[in-house]
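Chains as they are written, first to last, in the working numbering: chain W, 1 to 303; chain V, 1001 to 1303; chain Z, 2001 to 2251; chain L, 3001 to 3251.
Hints listed in this document are in silico derivations from the structure and should not be mistaken for laboratory results.
Each hint should be verified, as a subset may be incorrect.
[Said to hold, decoys possible] Within a straight-line C-alpha distance of at most 30 Å, the following computed DSBU-like cross-link-like pairs (lysine-lysine) qualify:
| hint | chain 1 | residue 1 | chain 2 | residue 2 |
| --- | --- | --- | --- | --- |
| 1 | Z | Lys2201 | Z | Lys2021 |
| 2 | W | Lys14 | W | Lys235 |
| 3 | V | Lys1287 | Z | Lys2134 |
| 4 | W | Lys287 | L | Lys3132 |
| 5 | W | Lys287 | L | Lys3120 |
| 6 | L | Lys3021 | L | Lys3034 |
| 7 | Z | Lys2134 | Z | Lys2070 |
| 8 | L | Lys3021 | L | Lys3132 |
| 9 | Z | Lys2201 | Z | Lys2228 |
| 10 | Z | Lys2134 | Z | Lys2102 |
| 11 | W | Lys287 | L | Lys3070 |
| 12 | V | Lys1287 | Z | Lys2102 |
| 13 | Z | Lys2070 | V | Lys1299 |
| 14 | Z | Lys2070 | Z | Lys2021 |
| 15 | Z | Lys2132 | Z | Lys2034 |
| 16 | W | Lys90 | W | Lys114 |
| 17 | W | Lys90 | W | Lys14 |
| 18 | Z | Lys2070 | Z | Lys2123 |
| 19 | W | Lys83 | Z | Lys2228 |
| 20 | Z | Lys2132 | V | Lys1287 |
| 21 | L | Lys3102 | L | Lys3120 |
| 22 | Z | Lys2070 | Z | Lys2102 |
| 23 | L | Lys3228 | L | Lys3132 |
| 24 | L | Lys3102 | L | Lys3070 |
| 25 | Z | Lys2201 | Z | Lys2070 |
| 26 | L | Lys3134 | W | Lys299 |
| 27 | L | Lys3228 | V | Lys1083 |
[Said to hold, decoys possible] Computed footprint of chain V on chain W, listed as stretches where at least three residues anywhere in the stretch have a Cβ under 8 Å from a Cβ of chain V:
| hint | stretch |
| --- | --- |
| 28 | 6-18 |
| 29 | 183-196 |
Built from N, CA and C at the ideal position, the CB exists for glycine as well.
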Amino acid sequence: MANLNVTFAGVPFKTPVVVASGTFGFGREYGEMFDLNQLGGICVKGLTLHPRLGNPPPRIAETPMGILNSVGLQNPGVDRFIKEEMPFLKTLNTNIIANISGNTVEEYAEMAEKLSDAGVDIIEVNISCPNVKAGGAAFGTSCDAAASVTRAVRRISRVPVMVKLTPNVTDIAEIARAVEDAGADALSLINTLLGMRIDITTRRPVLHNNTGGLSGPAVFPVAVRMVWQVRDAVKIPICGMGGIMTGEDAVEMMLAGADIVSVGTALFQDPLAAIRVTEGIARYLEKMNIENVTEISGKVLLN
Amino acid sequence: MANLNVTFAGVPFKTPVVVASGTFGFGREYGEMFDLNQLGGICVKGLTLHPRLGNPPPRIAETPMGILNSVGLQNPGVDRFIKEEMPFLKTLNTNIIANISGNTVEEYAEMAEKLSDAGVDIIEVNISCPNVKAGGAAFGTSCDAAASVTRAVRRISRVPVMVKLTPNVTDIAEIARAVEDAGADALSLINTLLGMRIDITTRRPVLHNNTGGLSGPAVFPVAVRMVWQVRDAVKIPICGMGGIMTGEDAVEMMLAGADIVSVGTALFQDPLAAIRVTEGIARYLEKMNIENVTEISGKVLLN
Amino acid sequence: MPITTLATVQDTRMLTESVCKMVLFSPELARLAKPGQFVHIKCGGESLLRRPISICDVQEDTLTLVLERKGAGTQYLAERRAGDTLDLLGPLGNGFELPDGKLLLVGGGIGVPPLLYAAKRAKGADAVLGFKTKSAIILEEEFQSACGETAVVTDDGSYRLHGNVTVPLREMLHRGGYAGVLACGPRAMLRAVAEVCAAFKVPCQVSMEERMGCGVGACLVCVCETEKEGERAMSRVCKDGPVFRAEEVCW
Amino acid sequence: MPITTLATVQDTRMLTESVCKMVLFSPELARLAKPGQFVHIKCGGESLLRRPISICDVQEDTLTLVLERKGAGTQYLAERRAGDTLDLLGPLGNGFELPDGKLLLVGGGIGVPPLLYAAKRAKGADAVLGFKTKSAIILEEEFQSACGETAVVTDDGSYRLHGNVTVPLREMLHRGGYAGVLACGPRAMLRAVAEVCAAFKVPCQVSMEERMGCGVGACLVCVCETEKEGERAMSRVCKDGPVFRAEEVCW
Ligand SMILES: Cc1cc2nc3c(=O)[nH]c(=O)nc-3n(C[C@H](O)[C@H](O)[C@H](O)COP(=O)(O)OP(=O)(O)OC[C@H]3O[C@@H](n4cnc5c(N)ncnc54)[C@H](O)[C@@H]3O)c2cc1C
Ligand SMILES: Cc1cc2nc3c(=O)[nH]c(=O)nc-3n(C[C@H](O)[C@H](O)[C@H](O)COP(=O)(O)OP(=O)(O)OC[C@H]3O[C@@H](n4cnc5c(N)ncnc54)[C@H](O)[C@@H]3O)c2cc1C
Ligand SMILES: Cc1cc2nc3c(=O)[nH]c(=O)nc-3n(C[C@H](O)[C@H](O)[C@H](O)COP(=O)(O)O)c2cc1C
Ligand SMILES: Cc1cc2nc3c(=O)[nH]c(=O)nc-3n(C[C@H](O)[C@H](O)[C@H](O)COP(=O)(O)O)c2cc1C
Ligand code: FES
Ligand code: FES
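So that you can see chain W by itself, here it is in the shape it has in the complex (with noise of 0.2 Å):
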């Protein structure tokens, strides 16, 4: 059996296979069916400071191999999520990464303070969120703005910052390294990219947001070029996402750069994904006789 254990920011994990923030709520969901043990790791729904109802229904749109959502980051709030969740996350065997989207930096930073003592094992910024207003995106898309969100969390936080990247830019690897720069102990890439459907009937666009973000296999080639971009340029470790389905798409994801990965919208197809991805990776390094899974990181070999 392949080892499939990973040190990421510093963090050991028992294997490099996370589930995606939003599609894996605060856990207790899927934990009715399957062991959540088995998992690298669990990034919990997109928490902000006070609690947030996000946007109305319709919140989904299926594309060709792909979803549309826009949710707007309904969460109870951190306080709360501390409160109510992380007594029961705290009692699983598997990394806790939080994931925190804000308003100004200064809202970013409160809730690093609030989370670095709640026992979380790493804070996950998220600086990509297309579905809101203020913050989210917007910090996202100038170097400027991720280097002071990353930064301010950086300066408060006790446990490893990993920084979310939006794939809606022109270079991610210039945002990547000025987030680097700014001290963050890790990526993670990709978050949506934003897209519309339109009811032809109605006219009207399908999500009640008009917009959404796109996740799936429909951008799993956009999330593996982005993943190689970024660690061509950044030394730090980089988590990867963007439509894994199978083990042999987070090989190629691995491939490309990738650390660990994340599973999302795989779990809606089938809410094992995670687990199978996982036995997939393991099949693939049984075959190809590789010992570590930490061996295939970023080993691409270019035409």
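Starting from the known structure of chain W, arrange chains V, Z and L with the ligands on it as the hints suggest.
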């Protein structure tokens, strides 16, 4: 029977459906399979000032509901195009759109000069090819560069100038505005999204060029969103493309803001796709009791 | 606790031109399923998302679904034949509460099917079923044998009563004797039913529809705005619903 | 002039564990197809691109294809059964030139099938067929009846001659009497065959493979570098090929 005529940038189109540059060669091959005069227009393979051999193969990879290509602008050069291809194309009763790429602003201008009297109906300025080092996308990702190419071509061209935008940017509306201000008569979008696939057995990228341009249904929701954003930002007409497979898709793109549409990748699945798309649009108009196809452009009802 | 399972299609039949009845062999789901719950079905390799379909009936080892062909997903389902297998995730959702006493079931169109299983499990039930037109009527006989009284209305008056479900609903509530109303159908109908029930002070449960992702309550895409004890919330149709107390829904 | 047509599967059979033979009813294609040409096949709704497969044989109203299960597309094809229909675009490509006189056909692995139709149309042919191992051998009997002499080699010597196709090729060319060599197989084999033929000054045609988009010559994704009268070109495998004169290919 609904009226499919559209006047686009001053040029009359029999139907709003044209075939996308690079997917239709110079028309001869598909001309063996159907009557080219059924098309609204033919956008020919991207031309450069001098002949180009393009990139080594493999130049195509399949992705979930998409393809990556890295042809790299293989073409005989603008002079041979005018000499060898235009005589045939001029015999057709459909609009001919010449797609041009340059290494410098001067090259774009020189090509526009040569093409202005060659009998083409529109010049499409490609500032968005992801598969070449010099030129191409470099011009399409900066407002200044995009504007200066547009200005140079507009000054010289004696036919309408349509500028083709790349989706690989943070803010496509900003580029669209810059190009409109610089005098473009029309816009076309989207070109391909940069992507990558890796063969996990050989560890090599599937494409010899390592990365390539993503097209096909996978990108459709991104294309619809961008057409909608650009429609909101400029007054000049838009040729919408990216993943259109059916008449319904074309209608959706037009509701988002396209005046005419282009069909590319769909041809690889069905050589008659452009005709089927045209028929599908007509069927929709009849079903909805709409007399002129021009009535639906930009008529999405926002939520 | 939801499970994923492969169920074998035992039988399919078109009830109308576009509505298909499908019997699936799945002992586990048949054992677990409660009225008002649904299954989330994978529709081949071309649709990324599963499709939610209510459980219409349960019999020993089988589940009956009744579904309307609308887009690609339900088209795929309607094309399945005996012997094919389907990948189901379920049973999902809270289902109806079945209080002691006689219930009044109000269904509209493709919202009718889940009420059949409720009728069978209830301690007595009457039904009001509404359809667009005569050719759209489904399951009438099944309700007639499961219920005391079954009123059928059509929008165009092409069969039985003319008009909408609230007419017989009012009459029957007026007569009285119902412990509650369970309703499933288009949103506008549910709202109207809720208003009538409120006027008659009869507890009403409504089964809501929303586009879904995960189906299990994790992704928050399927929400319905609710208000309970003064607190507004975006409740999950797949997990907190699909059945809600009518008075808690923000219409 | 290529056409798109729906062909009905008449018969399928596995020739080895992973190679499938398929007979398709398609009178138009059977009439049009020449040896060395191929068809571009739609592989269900999940694969956007068609898959190129050589025409292995033509008989009255049917086309025979022999294909190896590799990825999703060929897997889909191998799962078709009699009565299913396939969407074909073809016949595509230039095909082999068949000069007057006896030909020597050299095939490797899954490159063997298209040579069968050439053998049948040629004015006399011998064949050299190479396979990895005994269990991978296909179409041996068919070649034996269509050709004068059929030499079979296996990489591992598990059947007939041990080694690679160039060994019998050299011997047979040494004996002489061939108007030309037609070869199809892995690139490395084609190159070796081309070298041997050049040494013997026998004209050699090779059938090349490349990933394809349109299949008809319009998209320029399927190129092979060639040189003709000093001019280098990126020739289209789908339209200018798949068959090229060996000396024109830039190996
Ligand atoms: C809890 C619940 C129970 C249901 N029970 C039944 C039933 O018993 N019988 C029946 O015929 N239908 C039922 N529906 C509606 C059914 O789910 C939709 O008709 C179906 O998802 C449409 O899929 P499609 O691919 O045919 O249509 P498309 O329009 O192509 O679907 C596109 C996307 O929108 C979603 N969608 C479209 N319409 C609806 C809708 N009305 N509700 C939810 N999602 C939708 C689809 O799931 C898919 O993700 C139920 C819906 C819910 C929420
Ligand atoms: C002119 C020509 C004739 C051919 N004739 C035959 C034949 O008679 N029998 C047979 O078994 N195979 C033949 N092949 C190879 C066959 O086309 C590929 O094995 C097949 O396309 C693989 O598809 P897949 O979905 O199974 O594999 P995947 O690897 O999943 O395919 C992914 C993509 O790569 C392309 N691809 C992968 N391998 C090849 C390849 N070797 N050549 C071209 N494209 C490839 C596919 O078409 C698809 O677009 C021929 C190829 C060409 C170019
Ligand atoms: C329904 C849904 C909700 C999401 N919510 C969040 C979120 O709250 N915070 C965040 O950083 N990303 C969020 N994402 C993005 C995912 O974490 C992930 O980056 C993206 O979906 C790409 O991965 P996938 O294709 O595997 O889903 C969400 C995605 C989906 C589909
Ligand atoms: C094989 C191929 C070659 C292309 N070559 C060109 C080109 O030369 N010039 C250009 O402007 N766009 C080129 N494109 C982009 C298309 O014109 C179009 O913008 C894109 O493919 C999106 O549309 P589609 O999804 O309908 O294919 C090419 C696309 C493909 C698939
Ligand atoms: S569908 Fe995911 S929470 Fe309801
Ligand atoms: S596949 Fe398009 S040119 Fe050959």
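Results for each hint:
1. Z:Lys2201 <-> Z:Lys2021: violated, 35 Å
2. W:Lys14 <-> W:Lys235: holds, 22 Å
3. V:Lys1287 <-> Z:Lys2134: holds, 24 Å
4. W:Lys287 <-> L:Lys3132: holds, 21 Å
5. W:Lys287 <-> L:Lys3120: violated, 43 Å
6. L:Lys3021 <-> L:Lys3034: holds, 19 Å
7. Z:Lys2134 <-> Z:Lys2070: Status holds; Cα separation ~19 Å.
8. L:Lys3021 <-> L:Lys3132: The hint holds at about 19 Å.
9. Z:Lys2201 <-> Z:Lys2228: holds, 18 Å
10. Z:Lys2134 <-> Z:Lys2102: holds, 28 Å
11. W:Lys287 <-> L:Lys3070: holds, 17 Å
12. V:Lys1287 <-> Z:Lys2102: violated, 47 Å
13. Z:Lys2070 <-> V:Lys1299: Holds, because 24 Å separates the two Cα atoms, which is no more than 30 Å.
14. Z:Lys2070 <-> Z:Lys2021: holds, 14 Å
15. Z:Lys2132 <-> Z:Lys2034: Holds: Lys2132 of chain Z and Lys2034 of chain Z sit about 28 Å apart, inside 30 Å.
16. W:Lys90 <-> W:Lys114: holds, 16 Å
17. W:Lys90 <-> W:Lys14: Holds, because 16 Å separates the two Cα atoms, which is no more than 30 Å.
18. Z:Lys2070 <-> Z:Lys2123: violated, 34 Å
19. W:Lys83 <-> Z:Lys2228: Holds, at roughly 22 Å.
20. Z:Lys2132 <-> V:Lys1287: holds, 21 Å
21. L:Lys3102 <-> L:Lys3120: holds, 12 Å
22. Z:Lys2070 <-> Z:Lys2102: Outside the cut-off at roughly 34 Å; violated.
23. L:Lys3228 <-> L:Lys3132: violated, 34 Å
24. L:Lys3102 <-> L:Lys3070: violated, 34 Å
25. Z:Lys2201 <-> Z:Lys2070: violated, 36 Å
26. L:Lys3134 <-> W:Lys299: Since the Cα atoms of Lys3134 of chain L and Lys299 of chain W sit roughly 36 Å apart, the hinted pair is violated (cutoff 30 Å).
27. L:Lys3228 <-> V:Lys1083: holds, 22 Å
28. 6-18: With 0 residues closer than 8 Å to chain V, the stretch 6-18 of chain W misses the three-residue bar; violated.
29. 183-196: With 4 residues closer than 8 Å to chain V, the stretch 183-196 of chain W meets the three-residue bar; holds.
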